[in-house]
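Chains as they are written, first to last, in numbering that gives the first Met the number 0: chain X, 0 to 346; chain Z, 0 to 346; chain E, 0 to 346; chain B, 0 to 346.
Just to be clear, a hint being listed does not mean it is correct.
Identical copies look the same in the list; a pair holds intra-copy or inter-copy alike.
Claimed, not checked - Quick list of in silico lysine-lysine cross-link-like pairs, DSSO-like style, CA-CA up to 27 Å:
hint	residue 1	residue 2
1	279	114
2	255	229
3	301	229
4	84	105
5	38	279
6	39	279
7	253	229
8	114	1
9	301	230
10	136	270
11	38	114
12	229	38
13	114	39
14	48	279
15	270	114
16	230	255
17	114	301
18	301	253
19	253	279
20	143	253
21	229	88
22	136	48
23	167	142
24	38	270
25	253	230
26	88	270
27	39	270
28	270	48
29	279	84
30	48	1
What the hints contain is simulated information worked out from the structure, not anything from laboratory work.
Protein chains: 4
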Amino acid sequence: MKKALIVGATGFGGIGLIDIISRHPGLEIAGLVALDHGKKISDLYPHLKGICDLPVCSPDEMQIDNIDIAFFSTPDRAGMQLIKKFTDKGIPVIDFSGDFRFNSLKDYELYAANKSMDINHYEPSLLPEAVYGLPEKFSEEIKKAKIVGNPGCFAITMILALLPAIEKNLIASETIFCDGKTGVSGAGVNPGRANSYPLRYENTNTYREGTHQHLVEVENILNRFSSENKKILFVPQIVPMNRGILVSMYGDPKEKLTTDEIIEIYTLYYKNSPFVAISKNSISTADVRGTNRCIIRPAIDKRTGKFFICAAIDNLMKGQSGNAVQNANIILGFEETTGLMLNPMFP
Amino acid sequence: MKKALIVGATGFGGIGLIDIISRHPGLEIAGLVALDHGKKISDLYPHLKGICDLPVCSPDEMQIDNIDIAFFSTPDRAGMQLIKKFTDKGIPVIDFSGDFRFNSLKDYELYAANKSMDINHYEPSLLPEAVYGLPEKFSEEIKKAKIVGNPGCFAITMILALLPAIEKNLIASETIFCDGKTGVSGAGVNPGRANSYPLRYENTNTYREGTHQHLVEVENILNRFSSENKKILFVPQIVPMNRGILVSMYGDPKEKLTTDEIIEIYTLYYKNSPFVAISKNSISTADVRGTNRCIIRPAIDKRTGKFFICAAIDNLMKGQSGNAVQNANIILGFEETTGLMLNPMFP
Amino acid sequence: MKKALIVGATGFGGIGLIDIISRHPGLEIAGLVALDHGKKISDLYPHLKGICDLPVCSPDEMQIDNIDIAFFSTPDRAGMQLIKKFTDKGIPVIDFSGDFRFNSLKDYELYAANKSMDINHYEPSLLPEAVYGLPEKFSEEIKKAKIVGNPGCFAITMILALLPAIEKNLIASETIFCDGKTGVSGAGVNPGRANSYPLRYENTNTYREGTHQHLVEVENILNRFSSENKKILFVPQIVPMNRGILVSMYGDPKEKLTTDEIIEIYTLYYKNSPFVAISKNSISTADVRGTNRCIIRPAIDKRTGKFFICAAIDNLMKGQSGNAVQNANIILGFEETTGLMLNPMFP
Amino acid sequence: MKKALIVGATGFGGIGLIDIISRHPGLEIAGLVALDHGKKISDLYPHLKGICDLPVCSPDEMQIDNIDIAFFSTPDRAGMQLIKKFTDKGIPVIDFSGDFRFNSLKDYELYAANKSMDINHYEPSLLPEAVYGLPEKFSEEIKKAKIVGNPGCFAITMILALLPAIEKNLIASETIFCDGKTGVSGAGVNPGRANSYPLRYENTNTYREGTHQHLVEVENILNRFSSENKKILFVPQIVPMNRGILVSMYGDPKEKLTTDEIIEIYTLYYKNSPFVAISKNSISTADVRGTNRCIIRPAIDKRTGKFFICAAIDNLMKGQSGNAVQNANIILGFEETTGLMLNPMFP
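Pulled out of the complex, with its shape left as it was, chain X reads as follows (with noise of 0.2 Å):
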């Protein structure tokens, strides 16, 4: 068995990782760091009991010797504080924050400033080495990876449906629209307006409208794939549901292309990817819910002959958790599905 360790135990990030190791038939849980420390995570989240109940150690106290790999599901600008220690010793490293997403500085420089942060990075260094936590794009270079920046839930959702598109030069530039609709789970589990329950029941709102920071990487990511530089307006809306992200993408095709044509290049672009589903049907973030997986309906309207393309994951999985052990799973040798295959909660 594989060894891990999980800083930022205690948030939504670090509870998905226990769900998932737990369960994984290569992978053990080596020990839990947090800033609320003190207590055994089964007592923090009773739901916990009996599945994990091993207790949340400060960073002070972690041990690292014998880890295989650490998880950092830790806010921004937390991971970097740390990460020197790991990399050190050979120990690969994946990020949840915004930390490692990026190679250049500058880019670092505006996502932090789009954050309203501190844009000074700790380990500017270590930038160049960080790999983007896309399994379905870097799969050779997770493989070798000491630092992987796993992707932003909104970012990822937008990436996985617009590569194909993008790389095979079916979109024009600076036509994209992207309208997006998260759970409040995408908020984190510390309280505040925006995961206040009278403030989201039953309100749908905007927000960072045409700002959000995971554009950055959106386009970055999506500007390596073309020859040109792409610049997208991206609205994000809060719903009223705890997990589930779902993304309508609008744009002019480059050529004239039918839905069935979209929908065999899109098949073929994803076919050796577990976790991507192409559809042709109506997208439902239920579909979704639970699993590691993105739903992608790629489609051409026929009365205004737009491009169509919506995409749908769950949060904290494909959106988080879920593409963090994808990415750990290609790192420690194991099948990119293991522990993984899960299915849907319905209803």
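Please arrange chains Z, E and B on chain X, whose structure you already have, making use of the hints.
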């Protein structure tokens, strides 16, 4: 007191009308008509006890003498079978369905085909007399109307949000994308998969992508105010809330404009529309819950220079019963806002 | 117009008062006070735009001249620090916390201990003058009160539901069980685990089983009308909705009674209480949503002969701001129902 | 691999079975049968794509050769018409309805009358052979059973929670009150008012107060283990969530006991029951979401000395399909927990 008859009293439209009219200082309910007749409305809906305890009678039993106005909060193809009785006596009718939203038979047939209904209209000769019930634009026509076709909930949101840009020729033809989110009550009171709690909770899904029936009236009305024949790609989505519509709209500006300039144009455009508010901030459906308001936020995205317009209504109020009473106020000579200055239910 | 000051204006109690008073024909808001001061209330809560755009000032800045009544929609232990300023000037105060729900220091200390708070009262000398704000029972005292302690939301539900049975000596001492269900808004506006969307959605849980602080006032008031010293087992539960309280109460009848007889007794008991309705049917919180009503269904179970009483309120209305305005109406000489005859929001 | 037939495959019971059996190491689905036949199950429920793509056939087409076990996840009165075909061939049947929860015709008739159904049983001669599917108590009988009547969801919760107290004679006869809360999925997949989103959101209501049909089996089973003939007052309530049951139970202890002593008795009683957990803390349905667990918290209220027992299950798992597979495991010779050690979905 003016007397109103409510045909289709037992659906959400009907109980919305009862709610509003019971508080209206100049209007009272003369009778309730519905297919599921034979009981008092407050036996069917106990929350109405003490507010309205009238019996629900059948269409055969309905009394139309001494009626000043009739609301047909009925499904498609019901109103067109009864309306002659009213128009022959000079009683104005406000119909909630698509039966009288169009002046041409061709438009109706397109609408009906989109809903997979019988496309034959029972009273085609009345269509030219029908007025589209958008008080912000057609109050003069509504004042004298025999028949008002109350707009669809998505349609009124998109029309109010796009009209200023289109009429002022600010937005490029053929570039408009509309992404709609609606609460479940839009599917009406009759139980089905679309309003099933287990299938709707924790679920956001697309439906009728590019083919929603409201598109017909949206393009119909917008093109009256445009020299170009606009075709719009509209993708509706259902989100797990009961009330509320939020539509995000995207497109290319025809000239370089700033958000401030657009805000000014919109504010001026709606300066005499008491229920339309122009906002500079993020839009939430919670802010219009239970009110007849429409909040619109027009903006230019700084990074891409694209148009972004967002609008929110309560689909059961400005999207249905509230707008219908606004129309009735105009017809009956009341102030447009009478009985409709309602506070949002918050939280 | 009488003038009201709202201290604690930015919580749910405060915005509930603003909502009601903005529609009240005889009362207007003279000022808003809160710790998070410095902005207009409609900047904090955009749904109030055009309804109330007053600034929120700090306790230090508050003006109390020309005030006819003060609402302290403040947390425990805030009102007791400010109240002297008002009582010294003869301004009646309605306090929403437990600070003035008791006439004896001992009861307050018990209440405070249940909430794990400091048990020292700042103004013990004012306690004997405080009147429990239950208009259905103490309207004469409220009329002349300097200080009204507005009841707890669970407390008022249980008291209204049990009083007739207890005062008429119909229910056996020591056999009463109360099982309560509350919506999440009862936990207030300040973000915490109790009102976290991800932790509350799809979750029903018990809390403070047998030790809820409202028990002190429930037993206190009930025992004023009973020769026996009743002790009640009350188990509260949080259910995933925003507004609404439903309490089911059980016990042994002292004599053989039928449901019809009980209904008659309850109906007579509340014949002059405009907000209390006695029902023969199943009780739904949806039927009181947004209203000041309390619906009570007293019954005898045919199979077991046991008492079953169920009651429902909107916790933010009859359980908080609505009841407070009802008390204010009594103090200020308005009809008890002024500004409070509100329709339920349905659906 | 043992082969299972699922009759009634398209309801929540059926798709729950498909979910569990698709992950079961020793059981596979041989066929799906339902009245709405003719399509693949994954066309009806797209979330099952890749998990189960079998066609749904009609009862007339069903193949029962080579079947090792049949699940009838059918409504009342459906299984009793088909069961002979299976029992004649020695194929064990697990029925989800009330058809075979009783050994006496009189009990069935009482149950059927409570549900306002036809009270005539089609196969009364099979009733004495039916075993009540409570594995925690009747595993020996289940092992050899031809017909297992899978318990009702409320019933199994109350029985598991009350049995230790009743069998050990700790709780006074005629003093038990049960207050139940269920999620909406308990009303099944067929659309109706009981599972209508607009009527269920933001609503908690009582129903069938004192007359719920599960009472018959609860009293029936409890009284097998009691010298007294207990009659229980049970009031069910629907709360706005999809999955989950929480029942709070109250009564008088027969002797003076502490919570610690009760906890010890319960823990001992269920020491061999892998799915029953005894807790000292507040109970949440979220902690059992998606699992076959039942968490029970027995307690003595310190102030009143009364019994308080709370229990939670996932109504679609331990209350339906999970418990059915547990019964199937016993019949087919698997470990009781095979395929059922599932993690809660959290958050």
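Evaluation of the provided hints:
For the identical chains of this complex, residue 279 and residue 114 are inter-copy neighbours only, at 20 Å across copies versus 36 Å inside a copy, given an alpha-carbon limit of 27 Å. Proximity of residue 255 to residue 229 under the C-alpha cut-off of 27 Å is found in both arrangements, the shortest distances being 21 Å within a copy and 20 Å between copies. When the C-alpha separation of residue 301 and residue 229 is checked against a cutoff of 27 Å, the pair qualifies both within a copy, at 25 Å, and between copies, at 15 Å. Taking the shortest Cα distances, residue 84 and residue 105 sit within 27 Å of each other inside one copy (25 Å), while across copies they are farther apart (58 Å).
For the homomeric pair residue 38 and residue 279, the shortest alpha-carbon distance between copies (17 Å) is at most 27 Å, but the shortest distance inside one copy (48 Å) is not. Proximity of residue 39 to residue 279 under the C-alpha cut-off of 27 Å is restricted to the inter-copy arrangement: shortest distance 16 Å between copies versus 46 Å within a copy. In this homomeric assembly, residue 253 and residue 229 come within 27 Å of each other (Cα to Cα) both inside a single copy, at 14 Å, and across copies, at 20 Å. In this assembly of identical chains, residue 114 and residue 1 lie within 27 Å of each other by CA distance neither inside one copy nor across copies; the values are 35 Å within and 47 Å between.
Taking identical chains as interchangeable, the C-alpha atoms of residue 301 and residue 230 lie at most 27 Å apart whether they share a chain (26 Å) or sit on different chains (11 Å). Proximity of residue 136 to residue 270 under the C-alpha cut-off of 27 Å is restricted to the intra-copy arrangement: shortest distance 12 Å within a copy versus 50 Å between copies. For a Cα distance limit of 27 Å, the shortest separation of residue 38 from residue 114 across copies, 24 Å, qualifies, whereas the shortest one inside one copy, 32 Å, does not. For the homomeric pair residue 229 and residue 38, neither the shortest alpha-carbon distance inside one copy (48 Å) nor that between copies (40 Å) is at most 27 Å.
For a Cα distance limit of 27 Å, the shortest separation of residue 114 from residue 39 across copies, 26 Å, qualifies, whereas the shortest one inside one copy, 33 Å, does not. For the identical chains of this complex, residue 48 and residue 279 are inter-copy neighbours only, at 13 Å across copies versus 41 Å inside a copy, given an alpha-carbon limit of 27 Å. With identical chains, the CA atoms of residue 270 and residue 114 are never at most 27 Å apart, being 36 Å at best within one copy and 36 Å at best between copies. Taking the closest pair of Cα atoms, residue 230 and residue 255 come within 27 Å of each other both inside a single copy (23 Å) and across two copies (17 Å).
Taking CA atoms no more than 27 Å apart as the test, residue 114 paired with residue 301 passes between copies only; the shortest distance there is 17 Å, against 39 Å inside one copy. Taking the closest pair of Cα atoms, residue 301 and residue 253 come within 27 Å of each other both inside a single copy (15 Å) and across two copies (25 Å). Taking the shortest alpha-carbon separations for residue 253 and residue 279, only the intra-copy value of 21 Å comes in at or below 27 Å, while the best inter-copy value is 34 Å. Taking identical chains as interchangeable, the C-alpha atoms of residue 143 and residue 253 are never at most 27 Å apart, the minima being 37 Å within one chain and 49 Å between chains.
For a Cα distance limit of 27 Å, the shortest separation of residue 229 from residue 88 qualifies neither inside one copy, at 39 Å, nor across copies, at 62 Å. Proximity of residue 136 to residue 48 under the C-alpha cut-off of 27 Å is restricted to the inter-copy arrangement: shortest distance 24 Å between copies versus 37 Å within a copy. Proximity of residue 167 to residue 142 under the C-alpha cut-off of 27 Å is restricted to the intra-copy arrangement: shortest distance 26 Å within a copy versus 56 Å between copies. When the C-alpha separation of residue 38 and residue 270 is checked against a cutoff of 27 Å, the pair qualifies only between copies, where the shortest distance is 26 Å, while the shortest distance within a copy is 45 Å.
Taking CA atoms no more than 27 Å apart as the test, residue 253 paired with residue 230 passes in both settings, with 16 Å inside one copy and 19 Å between copies. For the homomeric pair residue 88 and residue 270, neither the shortest alpha-carbon distance inside one copy (37 Å) nor that between copies (45 Å) is at most 27 Å. With identical chains, the CA atoms of residue 39 and residue 270 are at most 27 Å apart between copies only, with a shortest distance of 23 Å across copies and 43 Å within one. For the homomeric pair residue 270 and residue 48, the shortest alpha-carbon distance between copies (16 Å) is at most 27 Å, but the shortest distance inside one copy (39 Å) is not.
With identical chains, the CA atoms of residue 279 and residue 84 are never at most 27 Å apart, being 47 Å at best within one copy and 41 Å at best between copies. Taking CA atoms no more than 27 Å apart as the test, residue 48 paired with residue 1 passes inside one copy only; the shortest distance there is 22 Å, against 32 Å between copies.
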